[in-house]
Amino acid sequence: MWKWGKRLSILASILLMAIIVSACNRDDAPGKVKIEFFQNKPEAKGSFDKLISRFNQEHPVIEVIQVNPPEAETVLLTRVVKNDVPDIVGLGATDTYSILAQSGIFTDLANTELPRTVDPIYLKMLKDVTGADPVYGIPYAANANGVMYNKTLFKEMGLQVPKTWDELIATAQKIKAVGKIPFYFTYKDDWQTNLPFNALGPNLVGIDFFLQRRENQVTFQDKYREVAEKQLELLKYGHGDNFGKNYADGNRAFANGQGFMYIQGSWAISEIRKANPKVELGFFPLPTGNDEQAVKLVSGIDTLLAVSESTPHKKEAEEFIAFLLKPENSKQYITEQTLFSAVKGVTQDDPSVAELLPYFKSGRVIDFADHYIPKAVQLNSIVQAFLQNGGIDAYLAKLDSEWDKVANRR
Amino acid sequence: MNKRLTAFYWMTVPAVLLFFIFLTLPALQGFYYSLTNWNGFGHQYHFVGFKNYINLFQDDNVGNAYWFTFKFAIVVTIAINVLSLLIALGLNAKIRFRNFFRGIYFLPNILSVLIVGYIFNYLFSNVFTIWGRNLGITSLSTNILGSEQLAWVGVVIVAVWQGIAFNTILYLAGLQTIPTSLYEASNLDGAGKWREFWSITFPLIAPFFTINMVLAMKNSLMVFDQIVALTNGGPGRATQSISHLIYTGGFRGGEFAYQSANSVIYFIVIAMISILQLRFLQRREMDN
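As you go down the protein sequences, you meet chains V and E in turn.
Read in order, the letters of the first sequence are residues 360 to 769 in this note's numbering.
Read in order, the letters of the second sequence are residues 132 to 419 in this note's numbering.
Wrong hints could be hidden among the right ones.
Claimed, not checked - Calculated lysine-lysine pairs in the DSSO-like style (CA-CA distance at most 27 angstroms, straight line):
no.	chain 1	residue 1	chain 2	residue 2
1	E	K202	V	K757
2	V	K533	V	K595
3	E	K182	V	K757
4	V	K483	V	K673
5	V	K764	V	K510
6	V	K764	E	K225
7	V	K404	V	K441
8	V	K514	V	K539
Hints in this document: simulated from the structure, not taken from any laboratory.
As the structure is a computational prediction, the values presented were derived from the model and not from experiment.
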């Protein structure tokens, strides 16, 4: 008995020590403000780590911590339920952002210096997505959705970059005629099927369509037939197993020269280079019609920065965002991630996207269609099902009925 | 006597409390939310009565998920039980390396469903297709998970492959409860192997058959991980199970209340099926 008592007391004192030590650790630097930066891009974790460590060095009283869980949007939503909103949130300008902004969990930053450093075209995009005037998020980086092509293969066959829809189809036919793969489709992942949708829709129908659809003034059945037909047309020029390959398979295959063109976003460039660093890539906007001048590049906000309404450290959070928006820091980020900066005057110099720069310069950009479609509609699976069975009428009717159902449930 | 009773109370009361806090209370809360239009994270919501339930019965996505799930569950339950009974009979016989084989067959149960799913996903897309092409079978040369008509077969294969392990163990346990003297007696009477199985083995493991049927059915009605890892409900919604629909719509689609209503219905359905199955199969046990 005696022995046990002694052992227990030793154990208890060890526990007590541990508690004291851990309690000390928690407050090791009195007066230091810890702020949490939550972001949703696993690809960008390393880049942000570098920027954060520089920021922490320059600001001895602030410590920024990065959080980047898998399925970040879902995690963020559950944390909002628990009233545990991260101090700073980095997120794409998607429907999730729109819902969160409308629920009033972000601070209005309109009266700070921050919006003045970024390109107004992106601020307008955010306003359109949320349908609200306050600036709940600061655009940070933008991406592009278009057609990637293998420059080496194009040169070998003497092909030109197509500028119109007819040229695009003619190019694809030429490639198919020699038994090669014109487009490498990766439609096992349903989100891949909406990439052509995102390029065709805004160009052929326009973004206003969605604002009118919200008011029930138009329907997909009236306006989206051409989009559907063109998507089916593209499918003829794929490979043998369009629905059997996923995004990761596609990046690997395209990097190794299977497939001349790849309808994809600029976010895939770094992944493709991982698979084959020597591949020579080019990038052009998907030509959606036959008027060369009317084609706009589809570009959306890849990351925007928002500050929680409930955080006690708003000033520090704004300071961190101002730091990220500094031209040299933004430049470093977009160079590593092959994205485009929302900050005025910062340009992307990577040769693979050089063909896109004129579009950014002259403002010929337009937002993704799916940023305006409620998530509950589950656009991706509808488009994927349509491409499998090819029934245009049923597909357009489905888009309308799902939209109405979701609107009715809200 | 009194003292012994206190001990039993000490065992039951905390269990009841824990059960109530972690299972009953959330279920009641879920029912409460199913009567609102809460999106899952906003600060405000309104009561909408039974509107969610009415919408549920008009939603063909829900009907589609139920149809897929039932089709899937019936096929998987039958396949698992037939195969695991066969394997258990083999493993119970006096064969060489019996323990080694038992270990091998139990292995799939230890692995995480998600990891197994991702491995099979790779096999379906990059290995089986090459085999199919080399053998000249066109239907195998494309990934079956990418086809609206065949994707469910792929999910069934993985679910059965993994589900067999656990049910085999239960059947093995059942087979070992049968006294060998019965077999010796039937041997003397000159009964064949087939007769032996139907007249002795099967009736005596009937309780195990019942529990295996109910467990396999319940597990496959709640199929989720395999779907996430293999098809994510696709192509289109061809392989979307009910739990996957509840997850995608409720947590990612911002329709928490609507999918809460779905899960209330789903709970009732599963409970009813399990009760019916138990009653039917237990009556069969007694008949024998």
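How the hints compare with the structure:
1. E:K202 to V:K757: Roughly 24 angstroms between the alpha carbons, so the hint for K202 (chain E) and K757 (chain V) holds.
2. V:K533 to V:K595: holds, 13 angstroms
3. E:K182 to V:K757: The given pair, whose Cα atoms are some 21 angstroms apart, holds under the 27 angstroms limit.
4. V:K483 to V:K673: Given that 27 angstroms is the threshold and the Cα spacing comes to 24 angstroms, the pair holds.
5. V:K764 to V:K510: violated, 45 angstroms
6. V:K764 to E:K225: Judged against 27 angstroms, a Cα distance of about 61 angstroms means the pair is violated.
7. V:K404 to V:K441: Answer holds: K404 (chain V) to K441 (chain V) is near 25 angstroms, not above 27 angstroms.
8. V:K514 to V:K539: holds, 14 angstroms
Going down the numbered hints, you'll see the structure goes against 5 and 6, while the others check out.
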